[in-house]
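A.B. asks: If you read the sequences in order, they're chains A and B. Numbering follows our numbering, with no gaps: position 39 of the first sequence is 39. Each number in our numbering corresponds to the 1-based position in the second sequence with 1000 added.
By construction, these hints were calculated from the structure, which means they are not laboratory data. Possibly wrong hints are sitting among the right ones.
Estimated spans, in silico, between C-beta atoms of each pair [claimed, not checked]:
#, chain 1, residue 1, chain 2, residue 2, range
1, B, 1119, A, 50, 35 to 45 angstroms
2, A, 154, B, 1309, 47 to 57 angstroms
3, A, 217, B, 1155, 46 to 56 angstroms
4, A, 255, B, 1051, 50 to 60 angstroms
Chain B side only, calculated, beta carbon under 10 angstroms to chain A, not exhaustive [as the list claims (entries may be wrong)]:
#, residue
5, 1137
6, 1141
7, 1143
8, 1150
9, 1217
10, 1298
Backbone N, C-alpha and C fix where the C-beta goes; we use that ideal spot for every residue, glycine too.
There are 2 protein chains.
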Amino acid sequence: MDSRDAQLEQQSTNLSSEFSLIAKYFKDLTGQRGVELGIGDDAALLVPEPGRQIVVATDTLVETVHFPPSASAEQIASRALCVNLSDMAAMGAKPRWFTLALTIPKHLANKQWLQGFSRGLAEISAQFDVALVGGDTTAGPLCISITMIGDVPVGEALQRSGAQVGDAIYVTGELADGAAALQAITNPKSPLHNSERLLTRFYRPQPQIELGIKLRGIASACIDISDGLVADLGHICAASSVNAQLSGALIPVHREVSENYPQHSLRWALSGGDDYQLCFTVPQVRRSVIDELIAESGLTATLVGQIVACKVCHELVEIDGEILSPNNRGFDHFSS
Amino acid sequence: MDSRDAQLEQQSTNLSSEFSLIAKYFKDLTGQRGVELGIGDDAALLVPEPGRQIVVATDTLVETVHFPPSASAEQIASRALCVNLSDMAAMGAKPRWFTLALTIPKHLANKQWLQGFSRGLAEISAQFDVALVGGDTTAGPLCISITMIGDVPVGEALQRSGAQVGDAIYVTGELADGAAALQAITNPKSPLHNSERLLTRFYRPQPQIELGIKLRGIASACIDISDGLVADLGHICAASSVNAQLSGALIPVHREVSENYPQHSLRWALSGGDDYQLCFTVPQVRRSVIDELIAESGLTATLVGQIVACKVCHELVEIDGEILSPNNRGFDHFSS
């Protein structure tokens, strides 16, 4: 029996939920709205509301892939939860519950790290009124997988497949922050290395939940921008069998980024990813509703282009007349 | 920027679901029963049946912690799904949908490995009629996290907290197989190194779904045996504020294990874990129902002891008069 096998035998049992780190450090995160039975049994019992569909999404964060080794426990937790909530926003769903699969190396399984992680989860779960209802804590390389469960009235979910020729294309907030933040965090020589704004954008990218809910019945398609505008709008195009035309001058980028990285900011906005804004399409007949929302509710959304008929199926997005294929950008972890 | 940061930047985007390995290799696993929208959008849309509660559980498997490096992709997948289904069995729930968070090192992200993994998932998901509805594939150390979602009629879920003094304690199947299998797999000198039965018990531990459903309204408490009988029965005791008395002679162990490991088999049955059988309690007035089930339906369940009043709260389980605390057994990954 080699050392790995010995380790396997020694550690072969699961952490039991009653005595687990989940129960010990995260019990205050188990709100009771719609939760008949939370942490502490083999599974959670949840009560869906009548007339609503269940919305489920899973996202995993791995150290060095999705956050740098310098990230604090609190930062990792808040980013993991925000990223998962963003999928609910993209569906127009109200997030309600989540489970946490936390794999941590032994050297991090201490009170300080776990309390920090719990604090990060607590802040975001309180802000968005979601309850931790279960999970699993395992020894291993740092990896956080969250499954978010929300709900939406039957038939009202925002999907990728509804975009029609002529629809206007909007994005929320500002793009390129995700890539700029990564550059700022990992490169001490970056002119924005100390930007609090970018640090917050990276570790607490605010999921557009409220906006997603408002877009029900207005947007024809919606997606969150995790892989970059070209790739994610490309998903809408593929699902809707349409193409998209963007105008580079309209793409919203924060002045901090465009001034410090004039050479990079448009590329980052188009393909940098990690922005967790929404990209959505709106039929022309409903554009006035969006314009009113923008004017009245502090909603930040910018018109960036329009949906056009499918020319060549695999060349989906044009910007200023230049065709950009999502394949130009290596958003597949295994392709690079 | 050091090499890890470079790796981070290079790989910072998520695999998008449309182009991801999940969609490519696992699309045939997305059944349509109760699934309005499966893989391919930001989240899945599921349709709960009226009058039922949602049951959710998450379990993670990590290489060398939960399976040996020698495990094939198919074996890892089937074990991951079976282990997660076992939590549904313990709740008396009908499993319906699951999400998969698959973190794999680059050298495994090839067609052969992924097809093997998909085959393992397909076999078990077909057997138990569950649909893969979403997930995330990420580059990193091998780690599989599954969130299983099932349902149960309102008020009928089996919980840990219902055991009463005088209740009979049963276990399904045979115990000690999990620990014996681990020994057999990792030690070529084990007399059972070539036992097909133990290999199957380890990589395809059959979740007791059908039995769990039959136990609704009959069992007063139920749990699946993942950490060993003493630890898991201890959870029932803690949740129900009772103690348990077991009789060692009644604990069912397969002859293959008891004959080859006479010194170990009882200890493995009590604290070896990884058996994924059910332990449940039944009020004396309903024992005849269980006895009929055993006689008529091929149900294998064995009476192993009874629930008694709480003597000392943290010493929960007695076997043949000897008090065993769950703390005797290091079922916390981080305690060893």
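A.B. asks: Could you tell me which of the numbered hints above are not met by this structure, giving the numbers in increasing order?
C.D. replies: 3, 9 and 10
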